[in-house]
Amino acid sequence: MRWSGWLCAVVVGALVAAPVPANADPLVGAPGLGDPYYPLDGNGGYDVGHYEVSIDYDPPSNQLTATTRVDATATQPLRMFNLDFDGPDVRMVSVNNLPAAFDRNGEHELTVTPLLPLLPGLPFTVTVDYAGQARNTEGGGWTYAPSGGAFVSGEPHSATSWYPLNDTPLDKATFTLHASVPAEWEVVSNGVRTENAVTGAKRNVTWETHQPVLGYLTTVAIDHYSYLEQRRANGAALVSAFAPNTERNRETEQRLPEIIDFEEALYGPYPFDAAGGIYVDADLEFSLETQTRPIYAPWTDLPTAVHEIAHQWWGDSVSVRRWSDICLNECFASYTADYLWPERKEGKDVDAAYRETIRKNRAEPKFWDIPLENPGVGNEFTSVYYRGPLFLHALRKQLGDDVFFTAIREFNAAHAYGNASMPEFRTFMQSKSPTDLTGFFDAWLNRTTIPSDEYLYPGGLRG
Numbered sequence: 053m054r055w056s057g058w059l060c061a062v063v064v065g066a067l068v069a070a071p072v073p074a075n076a077d078p079l080v081g082a083p084g085l086g087d088p089y090y091p092l093d094g095n096g097g098y099d100v101g102h103y104e105v106s107i108d109y110d111p112p113s114n115q116l117t118a119t120t121r122v123d124a125t126a127t128q129p130l131r132m133f134n135l136d137f138d139g140p141d142v143r144m145v146s147v148n149n150l151p152a153a154f155d156r157n158g159e160h161e162l163t164v165t166p167l168l169p170l171l172p173g174l175p176f177t178v179t180v181d182y183a184g185q186a187r188n189t190e191g192g193g194w195t196y197a198p199s200g201g202a203f204v205s206g207e208p209h210s211a212t213s214w215y216p217l218n219d220t221p222l223d224k225a226t227f228t229l230h231a232s233v234p235a236e237w238e239v240v241s242n243g244v245r246t247e248n249a250v251t252g253a254k255r256n257v258t259w260e261t262h263q264p265v266l267g268y269l270t271t272v273a274i275d276h277y278s279y280l281e282q283r284r285a286n287g288a289a290l291v292s293a294f295a296p297n298t299e300r301n302r303e304t305e306q307r308l309p310e311i312i313d314f315e316e317a318l319y320g321p322y323p324f325d326a327a328g329g330i331y332v333d334a335d336l337e338f339s340l341e342t343q344t345r346p347i348y349a350p351w352t353d354l355p356t357a358v359h360e361i362a363h364q365w366w367g368d369s370v371s372v373r374r375w376s377d378i379c380l381n382e383c384f385a386s387y388t389a390d391y392l393w394p395e396r397k398e399g400k401d402v403d404a405a406y407r408e409t410i411r412k413n414r415a416e417p418k419f420w421d422i423p424l425e426n427p428g429v430g431n432e433f434t435s436v437y438y439r440g441p442l443f444l445h446a447l448r449k450q451l452g453d454d455v456f457f458t459a460i461r462e463f464n465a466a467h468a469y470g471n472a473s474m475p476e477f478r479t480f481m482q483s484k485s486p487t488d489l490t491g492f493f494d495a496w497l498n499r500t501t502i503p504s505d506e507y508l509y510p511g512g513l514r515g
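Each residue of the sequence shown is one higher than the last, beginning at 53 in our numbering.
Derived from the structure by calculation, the hints contain no laboratory data.
Virtual Cβ for every residue (Gly too), placed ideally from N, Cα, C.
Each hint should be verified, as a subset may be incorrect.
What the hints assert, rightly or not - Simulated restraints on C-beta separations:
no., residue 1, residue 2, range
1, Asp-488, Arg-396, 24 to 32 Å
2, Glu-462, Glu-408, 51 to 59 Å
3, Thr-177, Lys-484, 57 to 65 Å
Stated by the list, open to error - Pairs of lysine to aspartate or glutamate residues, derived as EDC-like cross-links and limited to a Cα-Cα distance of at most 20 Å, are as follows:
no., residue 1, residue 2
4, Lys-254, Glu-408
5, Lys-484, Asp-454
6, Lys-397, Asp-488
7, Lys-397, Glu-303
8, Lys-397, Glu-315
9, Lys-397, Asp-505
10, Lys-484, Asp-494
11, Lys-254, Asp-454
12, Lys-412, Asp-401
13, Lys-397, Glu-337
14, Lys-254, Glu-236
15, Lys-484, Asp-453
16, Lys-418, Asp-505
17, Lys-397, Asp-494
18, Lys-418, Asp-353
19, Lys-449, Glu-416
20, Lys-412, Asp-505
21, Lys-400, Asp-421
22, Lys-412, Glu-398
23, Lys-449, Asp-421
24, Lys-400, Asp-505
25, Lys-400, Glu-462
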C-alpha cells in the first residue's frame, strides 16, 4: 500500500477486538486466530485450498447476487466452524452438498453447523449463497466508483465485504472469480483471464489466480475499462485496465515491463504468472498491491507503481505472519521506490538523500516515536513508509552491498508463497554477518528515539 503524499504519516484508526476466549469445546473451530492486532481475524479448525467466487452485479442498483465455494481440509474434528463475512444477506449454506445451519454474529462471523461433523485430515466443501445491495465501504472493501461501477480495495480487511473466507495472512489459497455484469461493463480481477464473453445482455468473465493469495489481496473491479496489453521480453503477457478519466496513467503503466525487470534483478524471478494494474476513477487516498494487478488511485505516479510492484515479492508472495510484521511489506516496497529506483535508474545520490533526511528529522520526536517492528494496532501504516527506507539503507551499509542484496534475495526465495516475520528476518540477516547486529536491530526496529550515530551512519554513511 502506498498513501497519497505524506498521508502515510497519519495514524490510521482501528478498533481492537476483544481477546479470543479459550475454546472449551474441542469440536468447535476457534472464531479467531489471536493476532495481537486483530484477534478475531481468521478462524481455527481448517485450512483453505481454493475459493471459487461467482458474482452477478448490477451497477445501477448495486445489487450483488453471489455464491462462494470454499474447498478446505479439516485440521480438527468440527461440529461447528466460522467463516469471516460482512457482506450481503446469506440465503443458504451447505457443507459437502448437505444443508447446514448458520448464524451471523460479531463483527464479521458466519458460524456454520454442518449436518454431519467433519473429521480431521479430510477435505470438505462449504457453499454460501448470498444476495443484497453491496455496501459502499469507501475504500475499506467494496467501493462505489463515480462512473457507477465498483471495485474492491482495502488493507488489512476488504475481502469480507464481498465473499466469505478465512481472513488471515496464515491461510493462503488459490482463487477463481466468475463474474456476470451487463454487457456494456468490463470486469477485471487477479491472475489470468480465461473467459470474456458477451451473451445477449450479459458479459461473463472468469479470472483465475493460480498461486496462493490472501483475502485483502484479491479484488474485483467493474467499470467501462479500456485496456493496455504488453509483453515482457520473455513473452509473458501483461494486462492493465483504465477506468474513465484515468487514461493519463497509461504513460506510467507502459513502463511496467521495465519495472518488473528491474525488480527481478533485485529480488529474483517475478513470482506470478500474470501482471498488470487496475486504474480506478475514485477519490482513494491509497493504492494497493492486490496480487498480480494492483489497484491504483488516479494520483498514481511512477514511484507508486514501483512501490506496488515491489509488493508482489514483499507482501504478496512473502506475506506477514502477523500484522506486527508489516515492515516486511512496506519497508521493502518503500525502499525500492524511494531509494533503489532513484539510485539505479536515475543516478541519484541516495546516501546524500539519507543524510539529509536524518538532518531534517534528528530533533523531531514524532519521526521516531512509532517502532518499525510491532508499531501497534492502528499504527501499521505510518513509520514503515518514512523510516523504513532509512532502516534498510543503514542495514545495507552495515552489511555491504554484496551481502545485503544476496541475503534479501535468498530470504525472499526461502519464504516464497508463504509467510515470514520480522524476528525471522533479523535472525536470517544476522547469519550473514560476522558482526553482532543485536544493537543495530534494536535501535532501528524497537526503539522510539533516534538511533545513536554508531547505527545511523554505518559503513562510512556519514560521508
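Checked hints:
1. Asp-488 - Arg-396: 24 to 32 Å: holds, 30 Å
2. Glu-462 - Glu-408: 51 to 59 Å: violated, 32 Å
3. Thr-177 - Lys-484: 57 to 65 Å: violated, 45 Å
4. Lys-254 - Glu-408: Not satisfied, since the Cα-Cα distance of roughly 57 Å exceeds 20 Å.
5. Lys-484 - Asp-454: Holds, at roughly 11 Å.
6. Lys-397 - Asp-488: violated, 33 Å
7. Lys-397 - Glu-303: holds, 17 Å
8. Lys-397 - Glu-315: The hint holds at about 11 Å.
9. Lys-397 - Asp-505: Violated, because 29 Å separates the two Cα atoms, which is more than 20 Å.
10. Lys-484 - Asp-494: holds, 17 Å
11. Lys-254 - Asp-454: Cα-Cα ~55 Å, so violated.
12. Lys-412 - Asp-401: Within the cut-off at roughly 17 Å; holds.
13. Lys-397 - Glu-337: violated, 27 Å
14. Lys-254 - Glu-236: holds, 8 Å
15. Lys-484 - Asp-453: holds, 12 Å
16. Lys-418 - Asp-505: Measuring from Cα to Cα gives roughly 19 Å; hence the hint holds.
17. Lys-397 - Asp-494: Answer violated: Lys-397 to Asp-494 is near 32 Å, above 20 Å.
18. Lys-418 - Asp-353: Roughly 27 Å separates the two Cα atoms, so the pair is violated.
19. Lys-449 - Glu-416: violated, 24 Å
20. Lys-412 - Asp-505: Satisfied, since the Cα-Cα distance of roughly 15 Å is no more than 20 Å.
21. Lys-400 - Asp-421: violated, 29 Å
22. Lys-412 - Glu-398: The given pair, whose Cα atoms are some 23 Å apart, is violated under the 20 Å limit.
23. Lys-449 - Asp-421: Roughly 23 Å between the alpha carbons, so the hint for Lys-449 and Asp-421 is violated.
24. Lys-400 - Asp-505: With Cα atoms ~24 Å apart, Lys-400 and Asp-505 exceed 20 Å; violated.
25. Lys-400 - Glu-462: Violated - the C-alpha atoms of Glu-462 and Lys-400 are around 27 Å apart, more than 20 Å.
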